[in-house]
Every structure is written in structure tokens, then in C-alpha cells.
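Undergrad: Spelled out from the first residue to the last, the chains are:
Number of protein chains: 2
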Amino acid sequence: MKIIIDVMSGDNAPLELIRGALQARRAFDEEMILVGDEQVIRTLADENGLHLDGVRVVHAPSVISMEEPALSVVRDKKDSSMSVGLHMLANGEGDAFVSAGNTGALIAGATLIVHRIKGIQRAGIATVLPFTNPCLLMDSGANLEVTPANLEQFAFMGSRYMEKVLGVKNPRVGLVNNGSEANKGRELEVDAYLQLSDADVNFIGNVEGRDIPFGVCDVLVTDGFTGNILLKYTEGMGRFLLGTMKDVLGTNILTRLSCLSMKGKLHHLKNAFDPSEYGGAPLLGISKPVIKAHGASDDMAIKNAIRRAIDFYRSGINREIAVFSLGHEASMKQRAKARARNERIREKAERAARRREENEEPQA
Amino acid sequence: MKIIIDVMSGDNAPLELIRGALQARRAFDEEMILVGDEQVIRTLADENGLHLDGVRVVHAPSVISMEEPALSVVRDKKDSSMSVGLHMLANGEGDAFVSAGNTGALIAGATLIVHRIKGIQRAGIATVLPFTNPCLLMDSGANLEVTPANLEQFAFMGSRYMEKVLGVKNPRVGLVNNGSEANKGRELEVDAYLQLSDADVNFIGNVEGRDIPFGVCDVLVTDGFTGNILLKYTEGMGRFLLGTMKDVLGTNILTRLSCLSMKGKLHHLKNAFDPSEYGGAPLLGISKPVIKAHGASDDMAIKNAIRRAIDFYRSGINREIAVFSLGHEASMKQRAKARARNERIREKAERAARRREENEEPQA
Numbered sequence: 001m002k003i004i005i006d007v008m009s010g011d012n013a014p015l016e017l018i019r020g021a022l023q024a025r026r027a028f029d030e031e032m033i034l035v036g037d038e039q040v041i042r043t044l045a046d047e048n049g050l051h052l053d054g055v056r057v058v059h060a061p062s063v064i065s066m067e068e069p070a071l072s073v074v075r076d077k078k079d080s081s082m083s084v085g086l087h088m089l090a091n092g093e094g095d096a097f098v099s100a101g102n103t104g105a106l107i108a109g110a111t112l113i114v115h116r117i118k119g120i121q122r123a124g125i126a127t128v129l130p131f132t133n134p135c136l137l138m139d140s141g142a143n144l145e146v147t148p149a150n151l152e153q154f155a156f157m158g159s160r161y162m163e164k165v166l167g168v169k170n171p172r173v174g175l176v177n178n179g180s181e182a183n184k185g186r187e188l189e190v191d192a193y194l195q196l197s198d199a200d201v202n203f204i205g206n207v208e209g210r211d212i213p214f215g216v217c218d219v220l221v222t223d224g225f226t227g228n229i230l231l232k233y234t235e236g237m238g239r240f241l242l243g244t245m246k247d248v249l250g251t252n253i254l255t256r257l258s259c260l261s262m263k264g265k266l267h268h269l270k271n272a273f274d275p276s277e278y279g280g281a282p283l284l285g286i287s288k289p290v291i292k293a294h295g296a297s298d299d300m301a302i303k304n305a306i307r308r309a310i311d312f313y314r315s316g317i318n319r320e321i322a323v324f325s326l327g328h329e330a331s332m333k334q335r336a337k338a339r340a341r342n343e344r345i346r347e348k349a350e351r352a353a354r355r356r357e358e359n360e361e362p363q364a
Numbered sequence: 001m002k003i004i005i006d007v008m009s010g011d012n013a014p015l016e017l018i019r020g021a022l023q024a025r026r027a028f029d030e031e032m033i034l035v036g037d038e039q040v041i042r043t044l045a046d047e048n049g050l051h052l053d054g055v056r057v058v059h060a061p062s063v064i065s066m067e068e069p070a071l072s073v074v075r076d077k078k079d080s081s082m083s084v085g086l087h088m089l090a091n092g093e094g095d096a097f098v099s100a101g102n103t104g105a106l107i108a109g110a111t112l113i114v115h116r117i118k119g120i121q122r123a124g125i126a127t128v129l130p131f132t133n134p135c136l137l138m139d140s141g142a143n144l145e146v147t148p149a150n151l152e153q154f155a156f157m158g159s160r161y162m163e164k165v166l167g168v169k170n171p172r173v174g175l176v177n178n179g180s181e182a183n184k185g186r187e188l189e190v191d192a193y194l195q196l197s198d199a200d201v202n203f204i205g206n207v208e209g210r211d212i213p214f215g216v217c218d219v220l221v222t223d224g225f226t227g228n229i230l231l232k233y234t235e236g237m238g239r240f241l242l243g244t245m246k247d248v249l250g251t252n253i254l255t256r257l258s259c260l261s262m263k264g265k266l267h268h269l270k271n272a273f274d275p276s277e278y279g280g281a282p283l284l285g286i287s288k289p290v291i292k293a294h295g296a297s298d299d300m301a302i303k304n305a306i307r308r309a310i311d312f313y314r315s316g317i318n319r320e321i322a323v324f325s326l327g328h329e330a331s332m333k334q335r336a337k338a339r340a341r342n343e344r345i346r347e348k349a350e351r352a353a354r355r356r357e358e359n360e361e362p363q364a
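Listed in order, the protein sequences are those of chains V and Z. The first sequence finishes on residue 364 if you use our numbering, and the numbering steps up by one all the way, no holes. The second sequence finishes on residue 364 if you use our numbering, and the numbering steps up by one all the way, no holes.
Please keep in mind that the hints were generated in silico from the structure rather than gathered at the bench. These numbers were taken from a predicted model, which means no experiment stands behind them. Do not rely on the hints blindly, as some may be mistaken.
Repeated chains share a single entry, so a pair holds when one copy, or any two copies, can fit it.
[Claimed, not checked] Quick list of in silico lysine to aspartate or glutamate cross-link-like pairs, EDC-like style, CA-CA up to 16 Å:
#, residue 1, residue 2
1, Lys246, Glu360
2, Lys118, Asp53
3, Lys348, Asp198
4, Lys2, Asp311
5, Lys184, Glu68
6, Lys118, Glu235
7, Lys78, Glu181
8, Lys2, Glu30
9, Lys169, Asp200
10, Lys333, Asp247
11, Lys184, Glu67
12, Lys78, Asp200
13, Lys184, Glu145
14, Lys164, Glu320
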């Protein structure tokens, strides 16, 4: 298979991305296609003693910055590494795409260039929250407002990804909510609870903020606004608490010395809260695998993201999602039809009741 | 002044609440009114050698449990400690009310029995997030859906509380959002950003999840759904990270021994993430001080909550809020009038333009 990498994306572009791609080539023995400014890529590789033999380099003269509007990917930046890479994926010149760039542009580009799976109403970003029992959060920022049907689709797609790509058997799905009871939340959560209870997923109910870190579920669905706040807060809280802990332990010479012996484990704990460790977040609902690597990704994170892209492609979950979404679309149409029929019956009965009343009244 | 305490509320009722009230009486030398089952209170006090001299006990036979619907406080549980206490506050038999009970019932009861300050559209819960630089989160759960005008009122009330009760000069107000730019967020955040920029508060802009723990602002406004998730996630993440840290340090005999010497400081860190340390959350927007203590409150937490109730009463911020809200109401009416006038002018101009076109057409 062929992985397309947007090497001009993220804070450490392009050197760390080139390194990551070359490491992935050696480790996984799959073809890598580097998209970006060819001269910059070749010069940097030369200067750093990196060999590009057996790696295809595709020239794209411009880059989409983190500040640019999402739609630039299909408007004035069609010659950017992201846009060129996505077009290659759409045209079948590669099997999966990895970028550490502008999230909004990546979602817009994936949707408009590569397209959603038929029947999927919204594509979303699925990010692993790095607890002892990892939990896939979807949507973590693509769709600020969603419908219960969107959440049902997120739940199905997230479940397939957790099972087939991350190896979690029969993943438990939770709904982010402000209480555990079925009637809690906004209209969105109340309706989504009912819909998820009927859906073809292992729904375990509402999950409150305080329970999220303790492995109560494997897939956590919510709107992209709440998801984005949760995801970034996880990063912030991790950094804050580990920093405070370091300060407390550092005030005492004994603990300071003894913690030196634990450096490896403490470093590991710190890394556990670095989202790049989980190898990037898939955009679920797009017809081909697209992986968003963290903006701060180094070579290791890019290599991990490429590994996920390979696993995602091999898992074949997009075929399962396509089958599900056709059924889901049909069942939604059926439910809408049933609602309309019930409505007609109700109206007819009401009209009949009114007529009876009108007929009876004069006699009364 | 007189503080009314719902001693039957929370997980540790009534003994810890009686203890807390008696400690507060000694520490702050103000009158305490304990509301609850009088026989239970007196028997427990006797058994535990607690002297109720100089403390008024008011009998209320029933209790609202954590599971009961919010409106029970004004329906079938009018004889509950919470309802009786709130009526005493409304009637002027006390100056402030403290409860560790059912949050929904407390908000409903405070709104329907004690009433909101005139002009305040929604009362909200304001909770201190326990970072190095404490930050007041409002709303943390009372109103799942809000308007930009609600957020503007929260920002003003939260600012007055931070300045006058917690002593933060010219508190900085942030809006929880999924990005820092002005145009980020849902329609709610986009509109609230504009409204907060014009408001009589020190608005510093949008705050992303990853920045919340690092003291970027003193008051953080958001809807009650997002606020509730944030608040409970803070608790969960704190517990999770400190637990993991303990496990890591505990695996090594050297760190385990040296950490024993740090027990006090580590315990302090743990407590910093216990919301009860901040002495309860005020319901801002209610005409008299109502403080929600954490459900798990012990005697110390109750004493702290009573301290906040005293500070809140003495601060006189409710008078400031009343003056603000009248002005806010007037300015909102004025803004609505201006919008309506502009609309009329626009329509008149359009009609005139249409007439001109119609008159010109036949000649063309």
C-alpha cells in the first residue's frame, strides 16, 4: 500500500515529518509518498544525511498555515501540500493520507475532495484520550453542533475503529452528559440516549465528567464543541498536574534525588498525556483513511500516525461503515415514514372525533 | 448576622454539618440556625458531646434526596429542611443559606422561594476551579442552555464575586471556546464575544481548554452543560493523575520512603483538587446569599462554606448586581429599540426604492 504524507504540515515541518516517514518506510515496509516543496525536501534530506531512495517525492509549492480559513484548501491553496495530497488520495494514487496541518482545512478538504462515505451525514475527528484504559472521543472538534443521528453514526464508526484498529472487543459506548440518568442533558442528549439505546452499538449510557478518566467506556460520543473543550482540557490538566507534582517533589532533596531514579517512569507518565503518542486521530466517515497528526508531532509521532493509517486501511472498517450507513439511512427513512403515518392516523382520528362532537352537539 | 444551615443535606448529614456549624459559630461569632429533624439533631449532638447552647434548631421533618426531582422543593417536600430553610431566608429570619443537598432542588427552590434579583434572567452556580490561580467557573450546571445576554450577566456577577468576596482586583473574564479567535465557536460564542467586548467587565477573550489551568483569567463563563462537564472532569482528572502518580512513586522503595517525608505537601495537593476546599459555590443572581456546599462535605468544608456565606452577605455585591441588572435591562431594551428602528428605516428605504423602480419601469 501507499501512504501519502503532507510533510510541510505542523510545527516541525518538514524535517521531522521526513524523518518519521523514512522510519515508517523501514519499519513497515510500505511505500511512502512525500508531498511538499521538492527542492526544500531534497536539500534538507541531503544536509541531514537522509536517503530518499525508494521514496516518491511529489512537488507542491505552497503550504496552508494554521491561521488560514478551512476552505483555502479548495480555493486559493489548491497547490498546497495538503490539497495536492488529498487529490492524490481521491484519485487512487495512494491509499491513506497523513497530515499534521490545519485541522479545519483537513476536514474541509477530506469532505470536499475525498468525500464522505455514502449515507454518513458528518465526518468527525476521533481522538484517543490517554488514560489507563484508552477511550476514543468523537467528535473532538469537526462539528460544533450535531444531531442525535450524527451521534449514532459517530458511535458506530468509533466502535468499528476501536475494535478493528485498536483491538478492543465489543467496545462500550458512552454519551457525555451532565448526569447519569436517561433523562439528563439538553434535548440533544435526551434524544440521543433513546436513539443510541436502539442502535447497533454496545451503549452503556451517560458518562459524567468525573468518570471519564476511569475506563467506564471505550468510545465517548459528544458534539464537537464539548469534545474539543474536553480534549484540550485533558492536555492542559495533564501538563498542569505533572508540573505541580514536579514542583512539590522538587522542594525536598530526598524526593528530588530518589525521583531521579524514577526518571524513565515519570517521563513515560508525561508522555502518556502527550496526544501524539497515540499516533494521530482518524477522520471517520471519509471514504478513504485520513489521519490528523498532532501539530507538535516529532518523527516518532509521525511514524505512529503512519502506523495507524496502515492499520486503518487494512482493517477494512470503511466497507463496514458503508454497509451500516446504507442500513442506517434506510432505517431513518423508515422511522420518518412511520412517524408521518402515525401523524396522519392521529390527525384522521382527531378529525373524526371533532366531526362526532359537532354532530352530537346540536342534539345535546 | 444569621446563617441558616440545611444540616440534613449531603452525604455526611447531619453529624458533620452540625460539627461544621458549631465550629463556624466559634470561629466567626455569628448566629447559626440549624434546620432539620430536631430530635435527630439533639440526640446526635448529645451522643457526640456537642453543645447546642446559643444555636437555634428549627424542626423540618423531611429531607430531599439527591435523586428527587428539583420541583419537589416547592411541591411534596415543602416540609423538608431545604424548603423550610429557604422560606426562612425569604422571610428575613436569616441572612444567608447553606446546603450540601440536591443541586437541582436548591436552584429551583432559591429561584421560586427566594427569587432572582430583578432584571437577572437566570441564576447560575459559580464554582472555583482549584488551580494555582483560582478561576471562577459560571455557569457550572444550573442552565444547560443560555443566551449571550445570560453569559453577559454571568460575567458581571462572577466579576463582582471574585473582586468583593475572593479579593481579586479587576478580575479578567474569559469565554470558554474551541479557539482563541473572535469568530470561533457556535452562534452562542460568536454573539457572546461581541456582547462581552461591549460589557462592563474586563473581558480578555476566548479561552481554550488547554489554557484553563494556567491562570489566564479569573472568571470563566460558559453554558451550564459545558460548565458541568468541565467541573466534574477537573475532579476526575485530579483524582486520576494523583492516583497514577502515587502508583508510579510507590513502585520504588526509595521514592516511597522519601515521599513519606512529603506527606503533608502531597496531601495538600490532593486537597487542592477537592472542590469542598473552596467553601462551596454561590448561586449568583438570587436576591439573598445561597451557598451550595459539595455533597461530600465534611465539617471543615461546611465551616468554609459558612465563611463564604458570611463574606458574600457582607460584600454587598447583590446591591451592585441589582443596579447593574436594571441598567442592563434598560440597555437591552434600548438595543432592541435601536434594532427595531433601524429595521423600520431599512424597510421604508426598500419600499421607496421599489416604488421608484415601479415608476421608472413603464417609461423604460
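Undergrad: Taking the hints in turn, state whether each one holds.
TA: To see whether the hints hold, each was checked on the structure:
Within a single copy, Lys246 and Glu360 get their C-alpha atoms no closer than 84 Å, and across copies no closer than 79 Å, so neither meets the 16 Å cut-off. For the homomeric pair Lys118 and Asp53, neither the shortest alpha-carbon distance inside one copy (39 Å) nor that between copies (75 Å) is at most 16 Å. Taking CA atoms no more than 16 Å apart as the test, Lys348 paired with Asp198 passes in neither setting, with 29 Å inside one copy and 54 Å between copies. In the homo-oligomer, the alpha carbons of Lys2 and Asp311 lie at most 16 Å apart inside one protomer (12 Å), although the nearest pairing across protomers, at 66 Å, exceeds that limit.
Taking CA atoms no more than 16 Å apart as the test, Lys184 paired with Glu68 passes between copies only; the shortest distance there is 13 Å, against 38 Å inside one copy. In this assembly of identical chains, the alpha carbons of Lys118 and Glu235 never lie at most 16 Å apart, being 34 Å within a copy and 41 Å across copies at closest. Within a single copy, Lys78 and Glu181 get their C-alpha atoms no closer than 48 Å, and across copies no closer than 25 Å, so neither meets the 16 Å cut-off. In this homomeric assembly, Lys2 and Glu30 come within 16 Å of each other (Cα to Cα) only inside a single copy, at 6 Å, whereas the closest approach across copies is 75 Å.
Within a single copy, Lys169 and Asp200 get their C-alpha atoms as close as 15 Å, which meets the 16 Å cut-off; across copies the closest is 54 Å, which misses it. Within a single copy, Lys333 and Asp247 get their C-alpha atoms no closer than 58 Å, and across copies no closer than 52 Å, so neither meets the 16 Å cut-off. Proximity of Lys184 and Glu67 under a CA criterion of 16 Å is satisfied inter-copy only: 12 Å between copies versus 37 Å inside one chain copy. Taking CA atoms no more than 16 Å apart as the test, Lys78 paired with Asp200 passes in neither setting, with 39 Å inside one copy and 45 Å between copies.
Taking identical chains as interchangeable, the C-alpha atoms of Lys184 and Glu145 lie at most 16 Å apart only when they sit on different chains, with a minimum of 13 Å there against 18 Å within one chain. Taking the shortest Cα distances, Lys164 and Glu320 sit within 16 Å of each other inside one copy (11 Å), while across copies they are farther apart (59 Å).
Going down the numbered hints, you'll see the structure goes against 1, 2, 3, 6, 7, 10 and 12, while the others check out.
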